[in-house]
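Chains as they are written, first to last, in numbering that gives the first Met the number 0: chain A, 0 to 127; chain B, 0 to 127; chain C, 0 to 127; chain D, 0 to 127; chain E, 0 to 127; chain F, 0 to 127.
Hints should not be assumed to be uniformly reliable.
Example chain B residues on the side facing chain A (calculated, C-beta under 8 angstroms, incomplete) [to be verified]:
{"id": "1", "residue": "E15"}
{"id": "2", "residue": "S26"}
{"id": "3", "residue": "L55"}
{"id": "4", "residue": "S57"}
{"id": "5", "residue": "I60"}
{"id": "6", "residue": "T62"}
{"id": "7", "residue": "A65"}
{"id": "8", "residue": "M100"}
{"id": "9", "residue": "L102"}
Simulated from the structure, these hints should not be mistaken for lab results.
These numbers were taken from a predicted model, which means no experiment stands behind them.
Glycine included, C-beta positions come from ideal geometry on N, C-alpha and C.
Protein chains: 6
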Amino acid sequence: MDKSERYERGLAKLKEIYGEQAQTLVSALEDVTPDLSCYVVEFAFEDIHCRTGLNLKSREIATVSALTALGTAPSQLRAHIHAALNVGCTQEEVVEVILQMALYAGFPATINGMQAAKEVFTERKATK
Amino acid sequence: MDKSERYERGLAKLKEIYGEQAQTLVSALEDVTPDLSCYVVEFAFEDIHCRTGLNLKSREIATVSALTALGTAPSQLRAHIHAALNVGCTQEEVVEVILQMALYAGFPATINGMQAAKEVFTERKATK
Amino acid sequence: MDKSERYERGLAKLKEIYGEQAQTLVSALEDVTPDLSCYVVEFAFEDIHCRTGLNLKSREIATVSALTALGTAPSQLRAHIHAALNVGCTQEEVVEVILQMALYAGFPATINGMQAAKEVFTERKATK
Amino acid sequence: MDKSERYERGLAKLKEIYGEQAQTLVSALEDVTPDLSCYVVEFAFEDIHCRTGLNLKSREIATVSALTALGTAPSQLRAHIHAALNVGCTQEEVVEVILQMALYAGFPATINGMQAAKEVFTERKATK
Amino acid sequence: MDKSERYERGLAKLKEIYGEQAQTLVSALEDVTPDLSCYVVEFAFEDIHCRTGLNLKSREIATVSALTALGTAPSQLRAHIHAALNVGCTQEEVVEVILQMALYAGFPATINGMQAAKEVFTERKATK
Amino acid sequence: MDKSERYERGLAKLKEIYGEQAQTLVSALEDVTPDLSCYVVEFAFEDIHCRTGLNLKSREIATVSALTALGTAPSQLRAHIHAALNVGCTQEEVVEVILQMALYAGFPATINGMQAAKEVFTERKATK
Chain A
0 MDKSERYERG
10 LAKLKEIYGE
20 QAQTLVSALE
30 DVTPDLSCYV
40 VEFAFEDIHC
50 RTGLNLKSRE
60 IATVSALTAL
70 GTAPSQLRAH
80 IHAALNVGCT
90 QEEVVEVILQ
100 MALYAGFPAT
110 INGMQAAKEV
120 FTERKATK
Chain B
0 MDKSERYERG
10 LAKLKEIYGE
20 QAQTLVSALE
30 DVTPDLSCYV
40 VEFAFEDIHC
50 RTGLNLKSRE
60 IATVSALTAL
70 GTAPSQLRAH
80 IHAALNVGCT
90 QEEVVEVILQ
100 MALYAGFPAT
110 INGMQAAKEV
120 FTERKATK
Chain C
0 MDKSERYERG
10 LAKLKEIYGE
20 QAQTLVSALE
30 DVTPDLSCYV
40 VEFAFEDIHC
50 RTGLNLKSRE
60 IATVSALTAL
70 GTAPSQLRAH
80 IHAALNVGCT
90 QEEVVEVILQ
100 MALYAGFPAT
110 INGMQAAKEV
120 FTERKATK
Chain D
0 MDKSERYERG
10 LAKLKEIYGE
20 QAQTLVSALE
30 DVTPDLSCYV
40 VEFAFEDIHC
50 RTGLNLKSRE
60 IATVSALTAL
70 GTAPSQLRAH
80 IHAALNVGCT
90 QEEVVEVILQ
100 MALYAGFPAT
110 INGMQAAKEV
120 FTERKATK
Chain E
0 MDKSERYERG
10 LAKLKEIYGE
20 QAQTLVSALE
30 DVTPDLSCYV
40 VEFAFEDIHC
50 RTGLNLKSRE
60 IATVSALTAL
70 GTAPSQLRAH
80 IHAALNVGCT
90 QEEVVEVILQ
100 MALYAGFPAT
110 INGMQAAKEV
120 FTERKATK
Chain F
0 MDKSERYERG
10 LAKLKEIYGE
20 QAQTLVSALE
30 DVTPDLSCYV
40 VEFAFEDIHC
50 RTGLNLKSRE
60 IATVSALTAL
70 GTAPSQLRAH
80 IHAALNVGCT
90 QEEVVEVILQ
100 MALYAGFPAT
110 INGMQAAKEV
120 FTERKATK
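Start from the sequences, fold in the hints, and give me the full structure.
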């Protein structure tokens with residue numbers, strides 16, 4: 000597979016996950032550094048997210064829980080809560096994933112994650 | 000629900016997840032501090048893990064990913080890789096969850112998580 | 000002790016620590032997720048903060064230092080600086096706890112903690 | 000105050016906290032890098048630990064809680080559990096500080112901290 | 000070397016690194032806590048940054064990469080991106096250091112670091 | 000560039016950095032998971048380390064400082080201290096990079112990093 004093919008497949012996966020938001024996300028990254036945008040599309044969305052062996056819903060559950068636990072990337076957490084809902088998680092499932100992190104990363108991490116979830120839920124309601 | 004009921008329900012959930020290992024885990028914690036053991040059974044396994052809204056398999060995916068990303072609790076990561084396999088994850092799914100963390104926590108976190116997974120897989124093969 | 004008793008005792012402890020701010024804190028959490036609010040009151044403030052063996056002042060010193068060192072929960076750090084002052088810490092003691100974190104978590108963690116402290120001190124002066 | 004005076008005062012504080020272990024700790028650091036040993040004595044133990052405004056017991060409570068929450072320095076955590084006991088904390092107080100971190104850094108951090116505490120308690124019993 | 004000499008040498012190093020911004024940085028810290036400002040000048044900028052054995056450019060590369068990877072101090076990261084550029088790093092080198100952190104701390108850390116870099120680059124362009 | 004070309008270029012870069020250790024490192028990763036080994040070679044060593052704009056010595060300074068500050072990957076830290084020395088850092092420069100992290104991540108991170116460095120220095124002396 001040549002490089003442009005990786006990019007195209009990664010972009011298609013990104014669109015499958017983020018729908019109309021995909022282009023905005025890529026443009027935002029390109030605006031920061033074009034090469035970084037390229038690595039995110041090719042490595043994150045083609046190499047990793049196109050792998051079989053774990054469905055997209057489980058991949059987003061893994062990502063939402065990790066970003067909640069780390070607590071250092073609130074903007075990316077919100078993006079992945081959107082992604083989780085886009086690929087089939089219910090709002091209840093997202094809430095449970097974040098709540099479970101109280102056990103493994105403490106209450107402040109969970110409270111901040113819940114506030115991110117609430118913002119995403121409100122935003123999606125407004126744009127419907 | 001009174002306190003002893005919470006403990007009994009938590010212990011039952013712990014046994015559902017860990018099978019024969021459950022008693023060893025509780026005894027190890029009790030040996031460190033009895034009260035801590037009690038909170039783990041009641042709060043972690045009754046209050047949180049008995050909740051509906053997210054199945055046990057997804058809960059363990061969330062925990063394995065968070066502990067891989069944090070990288071500070073290798074012993075608990077191994078316990079939760081066992082738990083994930085006990086509640087229905089395939090070895091391939093565990094590997095994919097850990098691999099995905101390369102994107103959100105970097106390669107060292109993923110490499111250390113993979114070594115934990117390999118140890119667990121080897122141990123389970125040996126005890127079969 | 001039944002569940003509602005745990006809640007009532009936890010809420011009483013929360014009011015002992017936060018005074019008039021207690022209801023605002025609980026309402027803010029309830030607004031995010033009612034269950035999370037419940038766990039914070041019951042597990043954090045009844046199970047843990049009602050324990051004997053460590054006085055409330057030492058508990059808040061422990062929390063302010065940990066949140067300063069972790070650096071991922073600025074809003075909770077400010078709440079616990081309020082709590083520390085409410086249960087008998089002087090402003091000087093809070094400053095010393097945060098300063099000490101330079102040794103264990105580095106200067107950026109301490110500088111950000113000091114700015115949180117300064118905001119809290121200013122806010123309390125204004126509302127007196 | 001000239002540099003050697005800072006070193007002497009820092010070393011005296013270190014001995015006040017660690018007793019007979021002080022020389023072992025300094026030698027271990029000197030063995031790694033003499034300059035680092037010097038900064039630890041001068042900056043950590045003279046500049047910071049000789050400050051008034053917070054007693055040594057509270058300083059060690061702050062340090063034990065932060066190192067438990069961070070979870071990245073098990074050897075230093077054990078040293079500071081020794082220090083906490085040396086300057087007047089009871090074993091019960093140390094246990095409570097570590098237990099409280101379950102709320103702010105999660106159960107794995109607390110379980111690992113408790114195991115460190117248990118090792119220190121056993122070691123001190125053996126050497127009495 | 001007496002204490003005031005350490006302060007003067009630290010301040011001179013700070014001015015060598017930050018130019019006209021140095022006084023603003025010191026004043027901002029003094030405004031928070033005078034003692035903290037003093038330790039930053041004496042310990043961080045005299046004791047450590049005046050050491051030989053590593054040039055200032057490499058020191059700032061080390062700091063920018065660590066703060067990007069930790070992800071908990073965005074304001075200090077921006078200050079050190081300024082510092083890196085002041086002591087001879089090109090914008091391209093700063094971008095490469097931050098990009099490399101994708102490997103060791105994950106994409107969210109790198110994306111947030113890149114946004115910090117972009118803000119600094121824009122600010123410097125505007126003030127030229 | 001097709002995929003196998005990326006792999007070959009990545010492997011060549013890995014050999015440039017690690018010399019005879021390169022094959023051992025790749026084999027160790029392949030033993031854990033072949034795909035992970037592949038991503039490390041292609042993404043870490045081709046996509047990122049083959050980039051121009053930052054020399055290898057500065058790349059290793061960035062990595063040693065970040066891994067010291069994070070404190071969660073001691074084995075990878077030792078590998079990158081080897082790498083830093085292989086691409087032209089002196090032992091003194093490595094020591095300075097790790098020492099500097101006391102400012103940004105605290106003394107425990109620096110002490111643990113220094114012990115890793117000492118182990119690497121001893122090992123290299125022994126195998127000469």
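Cross-check of the supplied hints:
Hint on E15/B is violated. Least Cβ distance to chain A is approximately 16 angstroms, over the 8 angstroms limit. For S26/B, the interface hint is violated, since its Cβ never comes within 8 angstroms of a Cβ in chain A; the closest pair sits about 20 angstroms apart. Annotation: interface hint on L55/B violated; nearest CB of chain A at approximately 11 angstroms, more than 8 angstroms. With a least beta-carbon distance of about 5 angstroms to chain A, the hint placing S57/B at the interface is held under the 8 angstroms criterion.
The criterion of a C-beta within 8 angstroms of any C-beta in chain A is met by I60/B, whose closest approach is roughly 5 angstroms, and the hint holds. Interface restraint check for T62/B: the shortest CB-CB distance to chain A comes to about 6 angstroms, inside 8 angstroms, so the restraint holds. Among the interface hints, the one on A65/B holds; its C-beta lies about 4 angstroms from the nearest C-beta in chain A, closer than the 8 angstroms criterion. Evaluation of the M100/B hint against chain A yields a held restraint, the C-beta minimum of about 6 angstroms falling below 8 angstroms.
Given the 8 angstroms rule on beta carbons, the hint for L102/B holds: about 5 angstroms separates it from the nearest Cβ of chain A.
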